[in-house]
Amino acid sequence: MRTGLALLCAVLALASLALGPVDLAALWARDPELARNLFIELRLPRTGLALLIGAGLGASGAAAQALFRNPLASPDVLGPSSGAALGAVLAGYFLGAGVIGMAIGGLAGAGLSLLLLLALAGRGAGATRLVLAGVAVSMLLGVAINLALSLAPSPFALYDLMFWLMGSLNDRSLPQLALAAPLILIGIVLLLRAAPALDTLALGEEVAQSLGVGLSAVQARVVLAIALATGAGVAVAGSIGFIGLIVPHLVRPFVRHRPGAAIAPSALAGAALLSAADIAVRLLPAALDLRLGVLTALIGAPFFLCLIMGRR
Amino acid sequence: MLEAIDLARPPMLAPTSLTLHPGQLTGVIGPNGAGKTTLLKALAGLSRGPGTVRLDGHPFLPHPQRLAWLPASRDAVWPIPAAALVQLGLGPAAAPDPAAVSAALSACDAMALAHRPVAQLSTGERARVLLARAIVGRPAWLLLDEPIANLDPGHRLDVMALLASETARGAGVVLALHDLDLARRCDRLLLIVSGAVIADGPPHMVLDTDQLGRVFGVQHGPDGWVRCSRFDH
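Just so you know, the protein sequences line up as chains A and B, in that order.
Just so you know, we're using the numbering used here here: the first sequence kicks off at 1 and counts up by one.
Just so you know, we're using the numbering used here here: the second sequence kicks off at 1 and counts up by one.
Isolated chain B, as found in the complex (with noise of 0.2 Å):
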């Protein structure tokens, strides 16, 4: 169970509590600027200010096999091939596990680049090799900063797919996505807007209603998602 107490981030993030839990794929919507990476960092542990998080009842402290956190950022400095790359996961100092290492990448149908410098690849094959990097040490909490925003169709519903499976195993997971589709398959949606989780609950309920058209400015008609104005409703 993972415990946010009145965890705040002024000016980007207002008083919040939540309780996450294990098991559960929990997504978090919102505009751009809304707050999602703030509340997702400050979730982590890796940034300071008021509030507290509590993981089973204890203050965090991070760990490879507690939680991995997953930044929005696709970045790669040095040319690192992605199997030595993903073995990072594991924590400094750990031993190298290949088999761990390969589970991983081919979990994100990384295995074919498993020896290819990371500073190469594309951004969407980077992308896959990072989450292979977040999952690979079966940490109890995943909580990815938009996971699936640089894939194409295939790999999204792949990632969707992966992640409910990291779900079943009993991890929990937390992810920022903009896909409204996909976030249909998560079993709860916090939708943020201006720093403030405005709606918590399963998904037909932050979804189907007309708050969406007044937060995003988007309805969805016969052909799909349309543009309307925030102040239609």
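With the rest of the complex left out, here is chain A (with noise of 0.2 Å):
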């Protein structure tokens, strides 16, 4: 599964460089120049973050299915996405509309609200608590995006940031991408590493414990992972739900659904769905102008639905 997923991947991100309102062949013939730059630029940032940012939130949504043993766990519930919103809205007003600004104060943004789920949940704190402490601070944050928001200073200024927090990857730039990139790789390796541990999981923290899991340090790791993950993508996309939600249900099946053996193709998978996401959206008539992170809920509410559904 995992070959034909990353075959995916390839055709996928072939298919974005190719894709936008310029036709890059037609240019190159005209102004070579000109149309390197473009896919430089502009096609390939948007097609690296696309993959970058949807194998991070696959990877973090299985993480934290696994980590938690509740399938309807997303990496949004441990408040690090809720963190690098905040800290991109409030670098937004104080240091400019920056894009880079803007990246920097959402990883602080992530940072500090991971320390402060850290602080809330205590050592050694059980999958209940951390869950429940995380549950509190991403509320604390969502509330404190909308006093941001309602203390815009102006209401362009106010335009901007919302239409940000929707998520997009419109005329992403490559340092960008290049802030994001490690940090939602580390992301990844690390939950990566952890999988077996996830795995062994599956069976109760008790039993997890009695075969040699090491219970805290897997759970500090793969919340540090998780915010690195999420955290870093919210910082240069803005907020894109429910790809770590439901990628995991999609591909578990096929590994005999072992939480931990999921985290692997979940991040394939990811990359897969938002470089989707992302190509639907240019698809799209430019009138409608669709954010990205409104139609991975589009899609993605729909199949949430279901899932409530189908386990009353």
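Please keep in mind that the hints were generated in silico from the structure rather than gathered at the bench.
Virtual Cβ for every residue (Gly too), placed ideally from N, Cα, C.
Treat the hints with caution; some may be incorrect.
[Stated by the list, open to error] Sample of chain A residues facing chain B (criterion: CB under 8 Å; computed from the structure): (1) 196; (2) 204; (3) 206; (4) 213.
[Unchecked claim] Part of the chain A face toward chain B, derived, beta carbon under 10 Å: (5) 66; (6) 198; (7) 257; (8) 258.
Using the supplied hints, reconstruct the complex from the two chains, each of which is provided in its own coordinate frame.
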């Protein structure tokens, strides 16, 4: 399955590179320099970010569900995505709406929300206390985002930030890719290395401990990795919901429902899904101006509903 | 040799010192809430508190081949096929060992369930699969919290025979149980009341006294076990 998903990612990446308002091949004939710049400065970062952010969200979702032993968990419940959004909004106010400034603010916000989460949950907290602390942090940060928006210095700033929060990969640049890529990749690698321990956690926390899993160490590592992988994504692209929630469910039947083994294919499937959604956003009529985060939520929310109905 | 030295988990377990021997089937009996699970979990190194546990003279460190813990809960979150679940009992990142998995499933009469998702099994079937998970790594110690609680009479006898065969290969088996008839098959019984071990010895010494009437409020009559007041004796 991994090979198939990797192939799918490659095809979607090529499509994403080829697709855009300007026909690059035609432009190449007229102005090779401009075509090259367009490709490197716009198409490449957009494609790379779609793949990386999707992979980070997919892997984080699978890891969150494995860690909390709950198929309805998603990386958002821990708070780093909200922290990143708040940090980016505040940076937008105080440093001007420069994209790099907002990205750095977002990273700082994700990091601070992680510290807040760990302080609230306390040392050696069980999964239940961790998820409760995460929900509390997310709600607090959500309210803070709303407060920040309502204190917007001007209607234009409010409008810009609202749109930014909806999540998009429009006009992202190479520096943004360079900022987010290493952090997301480190997060994904940490999650992949935690996969065997997360598989064992399917037997329950006590049994996993009796089999030699260092529970607090695994929890700390996984929470840090989720904060890196999702926080860095939100910091450059805004909030993109539901990918982390739904992708693990699509993938798990193919790995015999082992929650840790689902992390690697979830990363690939997340990359494919977000790339496909980003291509779909570009193919839709421009007048519709449907944001990427809105589209993933439009797909994700009904799926979430089906999931709950199926469990009734 | 599994030694507990002044092991205590207030308020559930009073300071207890015990030496458990490999090759023995040790039963832990006692009323609900007496502290059987607390004692087993403390022995398995799964709770923190006063006292120490030593395994063959060394401080205890968890490892799949050293000690297996089977909790009383039969919950299963993920619909993992039984065989894949049993494989997890070999430890994180252990190489797949289909032969060991099959042997463990067969020993628990669960071979027919190998490909069924555990979340869809009945509680008793799941109990057998989870027991297979506990024995698959052939650990030196098996600490089992009510392994026969959800089983039908035939499978209860099977599991007691299986545990006896585990002791025959040299494993030390400690199990909490409520079936006083099957408790007779143990080599040694610990009777726990209000967090303290009040009797420790071969089954006939622990069971054939009026102690049981005082502790459980039951006595053995011509029609089997009957309820009696705890203060009749």
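Report the numbers of all earlier hints that the structure fails to satisfy, in ascending order.
-> Violated: none.
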